[in-house]
Amino acid sequence: MLVYEKVSFGSECNNRCMTCPSARQQETPRLNELVAQIDALKNGENLELFGGEPTLHEDLVSLISYARKRGARRIKLVTNGRRLADADFLFHLVEEGCRIFEVKIYGSRPETHDAVTCVRGSLDETLRGLQNLGGISDSGGHEGDIYVGIRFGVTNTNLEDLVPAVAFLMSFSIDAISFVRMGGDFPIVQAARMVANAMKVATLNRIWSMCEGFPPCVMKGSETHLSELLQPVAFENDKPKSCLRCVFAKICTGPHGDYAGKGLRDFKAVSASPYSKDMEYLLKMRSIHAKQ
Amino acid sequence: MPSNSSRILLISFNVAGHDSLALGYIKAYALKEPTVSRRTFIEILNFSNEEGDVRQALYYITEFKPQLIGFSCYCWSMQKILELARSVKQIIPEVPLVVGGPEVGPVSDKYLEQNPALDVGVHDEGEAVFLELIKYYFAGKGKLENIAGISFRKGKKIVRNEDRSPIKDLDEIPSPYLTGVLTPRDGVTYLQSFRGCPFRCGFCYEAGRHKGLRFFSYERVQAEVELIMADSGIRSFHFVDSVFNLNSKHLKKLTDILCTANRDNKQLRTIEVFAEKIDEKTVEYLIQAGVQSIETGPQTAIPETQQRIGRYFDPEKFSRAVRLMGDRGIEVWCDLIVGLPGDSFFRCAYSVAFIMNLRPARVVMSILHVLPGTQLFEQAEKFGLSFDSQPPHYVVGSDTFPFKQIYEAVLFSSAVTKEYNLALS
Ligand code: SF4
Ligand code: SF4
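From first to last, the protein sequence lines stand for chains G and A.
For what it's worth, my numbering labels the leading residue of the first sequence as 1, then goes sequentially.
For what it's worth, my numbering labels the leading residue of the second sequence as 293, then goes sequentially.
Hint data in this document are derived by calculation from the structure and do not stem from the laboratory.
SDA-like cross-link-like pairs, simulated, lysine to any residue; straight-line CA separation at most 25 Å:
| # | chain 1 | residue 1 | chain 2 | residue 2 |
| --- | --- | --- | --- | --- |
| 1 | G | Lys277 | A | Glu673 |
| 2 | G | Lys277 | A | Lys674 |
| 3 | A | Lys544 | A | Ile520 |
| 4 | A | Lys710 | G | Gln292 |
Only a predicted model underlies this, so the values are computations on that prediction, with no experimental measurement involved.
When you get a sec, could you build the whole thing from the sequences and use the hints?
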């Protein structure tokens, strides 16, 4: 819902995820280059620090305090959470002004998580990081609280682990979970069903959940959780013709590039939806986000 | 407490650390009567609603040995009060238990019928009624049948007396602060310059009450303000007025009082304002008055819903006002209610986006309570509105907003408002 401006820390990382979007090697920016990125932002109000893995950068803490001094009001760290296993380091980040964390996870067991990160022991460290975040949340010491979101990468190797993983994650202090489809090398309908079930478990436990990369036609019954309807995401206009007959045509981002050329049988135009009467407001919401 | 005094206990469960202003008024009004002040000891007991335990209150009651107990009831505290009243009746059945306040007023007969522990229910404003009850119980004066504004238990029957007109001249109610009934404390001192509200919001108890507004005199407000300003321990205080910027004349008068008295920059916090009426001049007044933060709607940004709940909403004027105040350094808190009839999950999500786009200091989300005495309560059927008949009366669904969507909208808005409100200062 909140729009963040991005600050890139390059591609350096202590995981080697098979699904890594920053596969292309990027130089690790020096502090002055990071500062230049912040100086060049349009608003500088909401910042998302991403990599690679920003926590490996030796100037992360100084950058957070620079951003804060420059007027940033929300600083979000997208991280694999491993370095947060060091409680003193985490404490430092929070103290300097980083209050919003998005921790990337691929499973509840090393067989699923470490298999994607390609680093043995990475899940263990990430979970210790989550535990430390929970400690800060519960103490409420830092001007009240922190926000912890989970970014759960959905791959062809962890579909069966989605429901158990959500159930497992409920014992940590988390505020929301996003299921993000990584790649298109699995049947979308089956994956959508698994994601929908996992989101139900989260809802049942009073945790907000969303999914990304699953259009409404494959997520019937879970439309309220579709990130693309709620968040500002790039709009793909090269949707297949069949989409034009769909009630979601104006707001759906389409079946996504990963599935192009693989047959689009699974993406069937939706002829009626209980949400069609909300279309006017979904469009208005999109234009609000676009303006920001 | 003189040993021959009659003992009265007034009890309220509030937000932690707060005193009940309503009970302060009731006590101050009762003590105005010399016979009461001479022979009666009235104690106000404030418990935290979140942490206060019924057994704790029960222990206090057994120690204090009251001869009359009054409870100030809100939707959030009613269940606790009923539990307490049941236990009190077991231990000291002879002590009359009186309930009043917004939760009880409009449906006092129902509360008496369903809860044998309760003896008297107050229909509306409590000051004059409670004084008469004190006289009846302790001086044996009059009959319960003749006290307007109450319902009471008579044998197996519930008798409903006629309603009582509200006190016309509010200055008849002594100030709880000036009389020492309440001690002003930092951050939790609430003043009031008038009672009533000119608006008719369908979810609000205040809207359905009395036609017309009643004012405390400016001299009285000034004296209260002076008292607070002279207290070096107080850094911030509040007004509970339904609309602080009621009209420019009233606002100017309050501003003059506050501005003249405020010699060491005390902050006036979270006053309620009608945003659509705010312009540059109003903001200037607010700043002069020492207003640090304000709270305002829009509750929803959907015009159809606004219409259904009887609120005036102009998105442009509203947005302009929020920005105007924000630009001048006033902290703006915007309120959002989840579950209003006419809304739906995505309409609610749109309202969140609309509000956040205005960059207020804080977004305050709450779930609709369908409160007795409100238009939504009275006309629930018209909106296909279903809700829990027991307090806190949470909405369960409406013709446009089924429960599944309400539940999801609550989770969604709680998560995004938490993220939003974590803004660094
Ligand atoms: S059919 Fe096309 S437009 Fe409709 S929901 Fe599916 S991908 Fe989106
Ligand atoms: S919500 Fe506020 S403005 Fe509306 S009727 Fe109630 S007190 Fe008046």
